[in-house]
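Undergrad: Take a look at the letters that make up each chain.
There are 2 protein chains.
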Amino acid sequence: MIILQTQNFIHEASLSSLLSTLEKHAYLADETGQTQPESLRALRSSGLLGSIIPTEYGGKGETIWFASKLIEQLATVDPSIAIVVHQHLLVVTSLLNKGSEKQKRTYLPKLSSGEWIAASAWSETGSGAGKQTVGTKNDEGNWVINGVKTFTTGAGLADLYLVLVQTVSSDAGTEAAQHGQTFFLIEKEQVVAVDTQSGLSGMRGSSTRFIEFHRSVLTSDHILGEVGGSVELKIALRESGLTLGAISVGISEAAFRIALDYVERKGLAASQSLQVRLSELHMWIDAARALVDKVAERSSDNLKLSASQSKILASEVSEKVCREVQQIVGGTGYMRGHKIERLYRDARGVSLMGPVNYLAREMVGREIVSEPFRF
Amino acid sequence: MIILQTQNFIHEASLSSLLSTLEKHAYLADETGQTQPESLRALRSSGLLGSIIPTEYGGKGETIWFASKLIEQLATVDPSIAIVVHQHLLVVTSLLNKGSEKQKRTYLPKLSSGEWIAASAWSETGSGAGKQTVGTKNDEGNWVINGVKTFTTGAGLADLYLVLVQTVSSDAGTEAAQHGQTFFLIEKEQVVAVDTQSGLSGMRGSSTRFIEFHRSVLTSDHILGEVGGSVELKIALRESGLTLGAISVGISEAAFRIALDYVERKGLAASQSLQVRLSELHMWIDAARALVDKVAERSSDNLKLSASQSKILASEVSEKVCREVQQIVGGTGYMRGHKIERLYRDARGVSLMGPVNYLAREMVGREIVSEPFRF
Chain A
2 MIILQTQNFI HEASLSSLLS TLEKHAYLAD ETGQTQPESL RALRSSGLLG
52 SIIPTEYGGK GETIWFASKL IEQLATVDPS IAIVVHQHLL VVTSLLNKGS
102 EKQKRTYLPK LSSGEWIAAS AWSETGSGAG KQTVGTKNDE GNWVINGVKT
152 FTTGAGLADL YLVLVQTVSS DAGTEAAQHG QTFFLIEKEQ VVAVDTQSGL
202 SGMRGSSTRF IEFHRSVLTS DHILGEVGGS VELKIALRES GLTLGAISVG
252 ISEAAFRIAL DYVERKGLAA SQSLQVRLSE LHMWIDAARA LVDKVAERSS
302 DNLKLSASQS KILASEVSEK VCREVQQIVG GTGYMRGHKI ERLYRDARGV
352 SLMGPVNYLA REMVGREIVS EPFRF
Chain B
2 MIILQTQNFI HEASLSSLLS TLEKHAYLAD ETGQTQPESL RALRSSGLLG
52 SIIPTEYGGK GETIWFASKL IEQLATVDPS IAIVVHQHLL VVTSLLNKGS
102 EKQKRTYLPK LSSGEWIAAS AWSETGSGAG KQTVGTKNDE GNWVINGVKT
152 FTTGAGLADL YLVLVQTVSS DAGTEAAQHG QTFFLIEKEQ VVAVDTQSGL
202 SGMRGSSTRF IEFHRSVLTS DHILGEVGGS VELKIALRES GLTLGAISVG
252 ISEAAFRIAL DYVERKGLAA SQSLQVRLSE LHMWIDAARA LVDKVAERSS
302 DNLKLSASQS KILASEVSEK VCREVQQIVG GTGYMRGHKI ERLYRDARGV
352 SLMGPVNYLA REMVGREIVS EPFRF
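Those protein sequences? They're chains A and B, same order as listed.
For reference, each letter of the first sequence is one residue, going 2 to 376 in this note's numbering.
For reference, each letter of the second sequence is one residue, going 2 to 376 in this note's numbering.
Watch out, some of these pointers could steer you wrong.
Identical chains share a label here; the pair holds if one copy fits it or two copies do between them.
Derived DSBU-like pairs (lysine-lysine); straight-line CA-CA distance at most 30 Å [said to hold, decoys possible]:
no., residue 1, residue 2
1, Lys138, Lys25
2, Lys267, Lys305
3, Lys321, Lys305
4, Lys138, Lys235
5, Lys99, Lys340
6, Lys235, Lys267
7, Lys138, Lys321
8, Lys105, Lys138
9, Lys267, Lys111
10, Lys138, Lys340
11, Lys305, Lys138
12, Lys103, Lys340
13, Lys189, Lys267
14, Lys267, Lys105
15, Lys99, Lys321
The hints are simulated quantities; they were obtained by calculation from the structure and are not laboratory data.
Please read all numbers here as calculations on a predicted model, not as lab measurements.
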């Protein structure tokens, strides 16, 4: 684990202890569809949630690369918790990018200490470019938010939500609709998390649910960035170096280790056919991780494209690796309760997360032909 | 071109001038199977051949990463010359690793200035682990070398050859045979380059030929490293950061640009189908390059495996990219004289270069199951 050599705040023992707690409760989280309180407690007290927050706000001042490697490690034991952390750090990054000094002082210390967990709420069902979660100004000049968000990771367990709200009518055409969207920081008291059971196929410990806003009234202090400034913030996030690909790489690594352990335990190491299959899987993992690392280091020549590509590649590699490892392990790996069975379902989740891989390909393709291209 | 931002000795103008000379003569080199004198002259005078040689030996003291990016750039215009440079730098790296001070003082200044080009001669036809190029000691204590080497890149044009010679009988079994092999530095006067025409399908400007040794007599000063020390040197080269994958990445980039230019010129940029196909190719190139860069930076956690994987992945990606670009361009790209037709044949070459990709997969697979594994 490379992270243990470079960290300066999570000691090997405490990271190992967090990983072992997560591993222990991941099965029950998946089985019940409930994030386990023991996992959350261990996460909150780990110091990890403040990793990339500057020390002046109570954080550890680590780099995005560091956070990315940590998320990768978390995903080797519990991809659901890894995605919760990823979403938390996206909100943190947004605050660092666009937050007012007052917002930073209000939220970052709590998000650093683990007292608060943050979640993002962007998705809606079938709404296309325009959003149906609408914010309008009331007579006192405050904002009133109404609507429903789907697939909110950390719903119910988060203390702060970054919510994408339509603040200019979405009838104005696609581009105008997108530029009429605003991010709001909304505390849990104003949010209703709807489902209590997870209906997801995988990532069942991530508390990914619907949330609703019933006439939530917010002052302008809750706007992150400018009114209508959501596009700019989304671009900044895409180039932040945080990529969902890190989770997929962790899943792939965990799956690969399952195959390796199986081959050793069953005395199959001399099979050249298995050796070559392992070599093939290792190659894909190595490539996906190299691209994810390059994005996390922000050293790509075209960070915007590479960020999207890293998510597409790593998620599809992890699906392929999980499938092949399940083939190697055989029927046992098809049983609920076997880790590879869970990992395979979790792996599918990343390919479906926004932007879903086909949409991401369309975005990248459009950018390749329409912007001055550089390698 | 990232290289132009980081270089400290090749100015943008002189690199551009080298690339344009190479591009201009690459077609004729391919057509005739002869490395073109203009290309060689431009290469020798570029300063590039001494890039990674320390300044005390007349070089530029650049990193392997720098050399790797340069080779990638050369391959975008002429993969044949890129492979000549790659082989030259492998010999340079070997000298830096294992050369005596006397050998370094003798050879490195000439290899720095471009007065000399170096080549490697390892391969033999059908000889397996043991080599048929044999060195024996004569009564004066000198070595007498006899034998034939196949696929020697730069044969006939090189001034210095690094030659793998069997110095203990190869009848002693596979492992003993490999440990009975020694590298010799042999100057061109003692080497006969056999073919004068290239019979290769691609990489036809690389002067890759048979060479022969007819009772070449050499003092022990010509041994690089120890007698029987070839295995150690091969391992060091594998972990040097130089990977043939850099050439494949350059080929892929050049092919991709052909598709991009075609799509623009033909007014096809609005085709979403083409956009998505371009996005897919770009993703594979991005991944291959990320892995090659990681090897060149020597920042992989398992450099030995990643080095092999980078060559396998990048070469197969370049074949796929060339094929797809030929499909996009259509029949014109199937004509001799079209760059994509040449690049596709050149791309195949890297997959076949030693160790050929299937053998490399077997090596990696064996290492995965037999050594303590770490990601």
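Undergrad: Hint by hint, note whether the structure agrees.
TA: Hint check results:
1. Lys138 with Lys25: Classified as neither: same-chain Cα gap 48 Å, cross-chain 66 Å, threshold 30 Å.
2. Lys267 with Lys305: between (44 Å within a copy, 26 Å between copies)
3. Lys321 with Lys305: both (25 Å within a copy, 24 Å between copies)
4. Lys138 with Lys235: Cα proximity of Lys138 and Lys235: one copy only (24 Å, versus 71 Å across).
5. Lys99 with Lys340: This pair counts as neither: shortest intra-copy Cα distance 40 Å, inter-copy 48 Å.
6. Lys235 with Lys267: Answer is neither: 48 Å inside a copy and 33 Å across each miss the 30 Å cutoff.
7. Lys138 with Lys321: This pair counts as neither: shortest intra-copy Cα distance 49 Å, inter-copy 55 Å.
8. Lys105 with Lys138: within (24 Å within a copy, 77 Å between copies)
9. Lys267 with Lys111: neither (49 Å within a copy, 56 Å between copies)
10. Lys138 with Lys340: neither (49 Å within a copy, 61 Å between copies)
11. Lys305 with Lys138: Classified as neither; 35 Å inside a copy, 61 Å across copies.
12. Lys103 with Lys340: The answer is neither: 44 Å in one copy and 59 Å across copies each exceed 30 Å.
13. Lys189 with Lys267: Neither way: Lys189 and Lys267 sit 50 Å apart in one copy and 54 Å across, limit 30 Å.
14. Lys267 with Lys105: The answer is neither: 54 Å in one copy and 51 Å across copies each exceed 30 Å.
15. Lys99 with Lys321: neither (38 Å within a copy, 42 Å between copies)
Of the numbered hints listed earlier, those contradicted by the structure are 1, 5, 6, 7, 9, 10, 11, 12, 13, 14 and 15.
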